[in-house]
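Novice: Turn these sequences into a full structure, and let the hints guide you.
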Amino acid sequence: MIHSLFLLDAAGDVFLEKHWKSPLSRSLCDYYLEAKSSAFSQSGRDAAGKGDQGTTTGGGADTQAVGAAQRLVPPVLATPHHFLVSAERGRVALVAAVREEVSPLFVIEFLHRVADTFQDYFGEVSDTVLKDQVVLVYELLEEMLDNGFPLATESNILHELIRPPTVLRSVVNAVTGSTNVGETLPSGQLSNVPWRRAGVRYSNNEAYFDVIEEIEAIIDTTGSAVAAEIQGVIDACVKLSGMPDLTLSFLNPRLLDDVSFHPCVRYKRWDAERVLSFVPPDGTFRLLSYHVGSQNLVAIPISVRHSLTWGTPGGAQGKLELGLAPRHTLGKVLEAVSMTMPMPQQVSTASLTPSQGTASLDPVSKVLTWEVGKINPQKPPSLRGSISLSPGSLPPDGNPTLSLAFRVPQLAISGLKVTRLDLYGEKYKPFKGVKYVSKAGRFHVRI
Amino acid sequence: MTVGKDVSALFPDVVNCMQTDNLELKKLVYLYLMNYAKNQPDMAIMAVNTFVKDCEDPNPLIRALAVRTMGCIRVDKITEYLCEPLRKCLKDEDPYVRKTAAVCVAKLHDINAQLVEDQGFLDTLKDLISDSNPMVVANAVAALSEIAESHPNSQLLDLNSQTINKLMTALNECTEWGQIFILDSLANYVPKDDREAQSICERVTPRLSHANSGVVLSAVKVLMKFVELLPKDVEYHTTLLKKLAPPLVTLLSAEPELQYVALRNINLIVQKRPEILKHEIKVFFVKYNDPIYVKLEKLDIMIRLASQANITQVLAELKEYATEVDVDFVRKAVRAIGRCAIKVEQSAERCVSTLLDLIQTKVNYVVQEAVVVIKDIFRKYPNKYESIIATLCENLDSLDEPEARAAMIWIVGEYAERIDNADELLESFLEGFHDESTQVQLQLLTAIVKLFLKKPTETQELVQQVLSLATQDSDNPDLRDRGYIYWRLLSTDPVAAKEVVLAEKPLISEETDLLEPTLLEELICHISSLASVYHKPPSAFVEGSRGVATRRLLPARSQSESIESPDLGSQTSHSLSQQPQVIPSQSDLLGDLLNLDLGPPVTVPPGPSTMQTGAYDLLGGGLDSLLGGDIGGTSAMSGGLGGPAVMPSSLGPPAGGGLGDLYELAGGIGMPTGTYVPPKSVWLPAVKAKGLDIQGTFARRQSQICLELLLSNKALQAMADFAIQFNKNSFGLVPASPLQVHAPLMPNQSIEFSIPLNTLGPVMKMDPLNNLQVAIKNNIDVFYFSCLVPINILFVEDGKMDRQVFLATWKDIPNENELQFQIKECSLNADAVSNRLQNNNIFTIAKRNVEGQDMLYQSLKLTNGIWVLAELRIQPGNANYTLSLKCRAPEVSQFVHQAYDSILKS
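If you're matching them up, the sequences are chains A and B in order. So in the UniProt record's numbering, spot 13 of the first sequence is number 13, and the numbers just go up one at a time. So in the UniProt record's numbering, spot 774 of the second sequence is number 774, and the numbers just go up one at a time.
Keep in mind the hints are simulated off the structure, nothing from the lab. It is possible that some hints are incorrect.
Below, simulated DSS-like cross-link-like pairs (lysine-lysine); rule was C-alpha separation at most 27 angstroms, straight line [stated by the list, open to error]: (1) B:K88 to B:K53; (2) B:K800 to A:K21; (3) B:K91 to A:K21.
Specialist: This is how it looks when you write it as C-alpha cells:
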C-alpha cells in the first residue's frame, strides 16, 4: 500500500512529506526529478532537431493541452526498492512511494483525491498555500490514510472531522481557544450512505443539475470527423434538508450506455428502469459521467474552412486563410470561441487580420491564437493574412494541427434531456433546475 | 515533517501535553509521537499509559485514534503493551474502532510478525471477514492481503463459498477503496464450478460503472479471469464480454496518468481477447497533445486491433502521424505501417504505397525507418513488391543508421539477380567496411556471398575481398566465424553452399511482438497491478514477495471438477501445440545462418574432401568443430540464435515455467513403471538415536516424489508422537503431509511408510547440492541426520525438449558449462539405455549413428526448471560410455551423472 507521500513544488523541492510506515529518505524523489529533467531535455532535443514547435503549447484558452503537454514523466517509475507513482496538480507534484504490488490506478486516484481535498479546503493547490496551512494538511493526510489504506476521503466526512479554515473561524478560535477538529465521530462514516451527513437543514431547499458535455474530436483536412466522441457529466448542487431520496429520469436514457456513477446511485434501479435513483450527498458533487462514443453519430457544431501555404524561407510569403461557421447548433449561439495553432519554429512573423476578435502570434512559442468571441451566424468570422518563414530555414515538413475551444449554452450536443426530478422521503417542495452546456474538449482540426 | 528541523529534544514536554481534552492538540501530539518515538524509545514508554487509557475512552473517535497511533509507533517495547488494548478494540462495539483495529493488526505484523501470530490476532482478523459492517470487512480483507504478501504459502485468505458471499455483500456497501481491496482478493479465488463463477460475475458487473477507475479496473480483472470458466456457448459469456468494452473506453477519458495505466492494461486485454474492443479502434487515435507515453501505447494498441475492416482508417491515421513533430513517435508510426502490412495481408499493397509516399518526403529518419520495414514486408510477401527496389536504391546515400543500412544491404543481396548494378552498390558499401557496425558488416558479408552464388562470373573478386576483410582484418569473432563458414562452404562444395545460403527462408509472422501465452495469462491475473504496467510477472521485480512467489494462472475450463485432472493437461498442451511456430523478424539479419542451423534437414552429398567432417558436424549438430566452439561463446550470434530458441520453447508442448506443475500433475497417470529407486540405506543407526533405527530412500512414483522410511524400534520402550521436518535445501523439498504414525511403535517392531514430498519449501543452496538435513522427532528426543537425495527423483515428466529447441539451447549454453563423464562397464545397447532412461524422465530426443557409434541426445528437466542437455556416446564393444552434459547451472551435472550411472547399472 502507500508507503510515503512527498509533495514537490515546481522547482523540484520537497516541501512536505508524510510517512505512513517507516520513514523513507526524501532523496527517493531524485528518481522522479531525474525522469522529469530527462523528459524535458528529450522534448527539447526533438524540437530543436526538427526545427519545429516544441511541446509547450502556449495560449490560455487551452489550459488542458498545456497540462497534458507538461506531463512528460511516466506516472509509474521503478526505483531499486520502491515504485514512485506520481500525479501533478497545478504546479504541485504529488509523489507516492509504494513497496509492494499495488494497483497503480488506486494510488493515482487517491493522489487526485488528496489534491481535490486540498482544493476544497484551501481553494487552490499551490506550495505557498499548503505551506501556510501545514498543520491542517497533516491532519487531513492523517485522516485520509492509515497504514497506506485510505480511510476517509469523502469531503463530507472530512468536513466533519476537520473543519475547513475560514477567516471568521480562525478569529473565533484564537479568542475562545476552540479547535478546528470535530469532537464526535462523523455520522456518515459508517452508515450505508457514507457520503451524506445527518441532520442537514436548509431554509431554501434547492437542487440544481448541470449537464455538461465536452466534444472530443479530430477533424481531418477535408472537414470530416476522423474520431468524435462526447464526454458528458452531470454535476449537481443539492441543498436539501433531511434525507431526500431523488429520482431523475431522462427523455432518452438509451444514449447512456457507458456511464460511471457516483456511489450514491442505485445501480439496480438504473439497470432495470433506466432512472437515476439516489440519496444525494450534501452540496456539490458529480452525479455521473458518461461517454457517447463511436457507436452514435456525433454532430459537430462548428465547421472550419482553411487554406495554408508556406511560401519559401526568406522569400515569398505564405498565405493563411481560416473561416469558422456554426452548424447543427439548433439555433443556439457559439460563444467564447477561440483557436490556437502551434506554428512550426521556422515561422518568423505573421500579419493576420481577423474579421472579428484579436489574433496574435507569440514570437517565442510560435503559437498563433485567435480570440473570436461570439459567432454571429449571419456573419461568420474569418482570419486571413500572410506568414513569412525566417530566412535560411528549411520549409516545414507538415501542417500544424489547430485546436478550437467554444461553448454552446443551453444545448446538450448528444441530445440528452432530463424530463423530471422527483423527491421522496421528505415533505417539502424543492426548487429544481437543469442547465445544459456543450463545449469543446480536445477538439483538433488537421489542416 | 517540520520542514527538516529536528525537534526531538522537546519530547518530554510534548508528551506532557498528551492528556489533554482538546482533540486537535491530542492529534498533533500523536503526530509528533509517531515521528519521534523511534529516536527516543525510552521516553516513548511514558506515553503508553495514556494510550492504554485512551483505548478505554467513551468516545469511539478517541479509542480509534489511540489504537491507530500506537500501531504507528515502531518501537518494540511499546508493541508489547499494545496487544491487550488491540485485542479489546478488535472486539469493540463500535465498527469504526473495529475497522481501525483491523488495520492496526497489519501494522503490528509489519513490526513484529511473530508476536501477531503468537497472540492469535490473525484468527481474530479472519473472523472480522464475517463482520456485520462492510467497512470492517473491507479493512480486514485489506489487512489480510497485506500480511499474506509476506507469507506467500500461507492460507491466510482462504476463501470459500460462505466468505465469498459475505464479501459480495460487503462489496455493494463499502467505500470505493474497500471495493478495490475486496475485488483484488476476489480475483484470487477459484470458483468451484461455472455456476458460481457466473454468479460472482453478475454481482461484480455493476462495479464497472463506478466513477473510481481503480474499482473499474479491479472489476475488469475479476471478470477477465472468471470469464475463462464460463462455458462459451452460454449467452452470458457474450453479454459479459460486451459489457467490458464501454468501461475500458471510459478509462481513456481520464487524466493522462490514469490513461497510461489503463492503456497498458488494455494492451494486455487486447492480446488476450481482441474481440472486446474491435469496434472501438477510434478511441485509440492519437491526439497531438497526448503525452508521448500515451501516444506510443495507443499506437501499439491500434496495430493490435487493426483488421481488414478498419485498415483504411488505421493507415490514414498512421500516415498522418508520420508527419508529426516528435521523432520517436514518427519512427514508431512508420514501423506500425509495416506491422499492419504483415498483419493484414489484404492491406499490404496499400501499406507499401503509403511507405513509398513517405519515402518521397525525403525526411531522413522517415526514409530509414521505411527501408527497415520494407525489408520485413519483403520477407513476408516474397516476390510481390520487388518493383519498388529501384525507388529504394535511389535513397541509398541518405541511409546512415546501421539498421537501415543493414536492411538495405539485405534487400540488395536477396534480390541481387534483379538489380543490375548490385555489385556496384555492394562494392560502394565495402569501401568503408571497417567503419561499419557489426550488424552491417555481417549483413554485407552474407549479401556479397549471395550475390556471388547468383552471379559467380562477375563477382569473384568482390567475394574474395569481403571474405578476406571478414576473416583476416576483423577482430570480431562473429564476423570471422561467419566468414570462415562461407569460405569453406564455397571452397568445398558450391552446390551445397547454394543450398545453404540461398535456402528458402521461413515467412515471418506478425505475432513477433506478442507476449508469450503463459506470461500473458499470468499478467491477465494481475490486471490493474504494477505487473500489468511493466508487463512482467510480479515475481520478477517486486521485493515484497519474499520466498517462493506464488504464480497465478488463469483457470482453465475443464469438463471434470478438479483442476488436477489429467484431461485438463492434455487439453492445454493440445491447444498450446497448435500455436504456430514463430520466427521473430528481428532475427532475420541472421536469417541465412539460422536457416543453416535450424532449417529442415539439409542433405549434403558426401564428397571426398577432408573438409567433409567439419561440414558434416556443422550441419548435423555435432558441436566439436570450429563453429560449435565459437558460436556458443559469442554474444551477438548466440543472442540471435537465442531468439528463436526461446520462442518455440514457450509455445511448444513441453512448456516450462508456470504450467510445469500442471503438467507434472497431469502427466503422471500414464507413467510407466520402472523408475529407479535406490535401495534403502541406514541413515541413522539405533545406537545413535536412542534405539530408533532409521532407514530410507527416495522414490518418484506417479510423478510424486516420496520419501520412503523404515523406522524400527530397537529400544525397550514404545515410541510415539513422530514428526518430521526438513531443513532448507537446494530444491525446496518439504514433506507434503505430516508423518502419520497412528499407533505407538512397540519395541522390536518396525513400520514402513512413504511420505509424499513437494518442492514448494524454502530454498537454500547446500553443499553438496543434494544434501538434505532431516529432523525426526518422537516422544524421546529429536534426531538429526543428513542424507543425499538422488537427483533423479527431481526429473520431471515434461522434460522432453523440442528437437530444434534442443539444438538451439545446446549452442546457447556456453562451452565452459559442458562437462564430460565416463560411465564404466555398462552393457546395454542404445535402445535399452534409451528406454530405461525414459522411465526415469530422461528423454531421448534424437539418435544418430556416427562412424559406428550411437549418439543419443537427451534432455531432462529438474523440478526447479533447470534443463540439462546430454549427449551419450555408446560404442559397440566398449562397455564405457561417454556422457557430455550441458546445463546453465553446471553444478548439477555431477549429480546428473551419478543418476545416469545408478539408473543404467540398476
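Novice: If a hint holds in the structure, say so; if it does not, say that too.
Specialist: Going through the hints against the structure:
1. B:K88 to B:K53: holds, 12 angstroms
2. B:K800 to A:K21: At roughly 49 angstroms apart (the allowed maximum being 27 angstroms), K21 of chain A and K800 of chain B break the hint.
3. B:K91 to A:K21: holds, 25 angstroms
Of the numbered hints listed earlier, the single one contradicted by the structure is hint 2.
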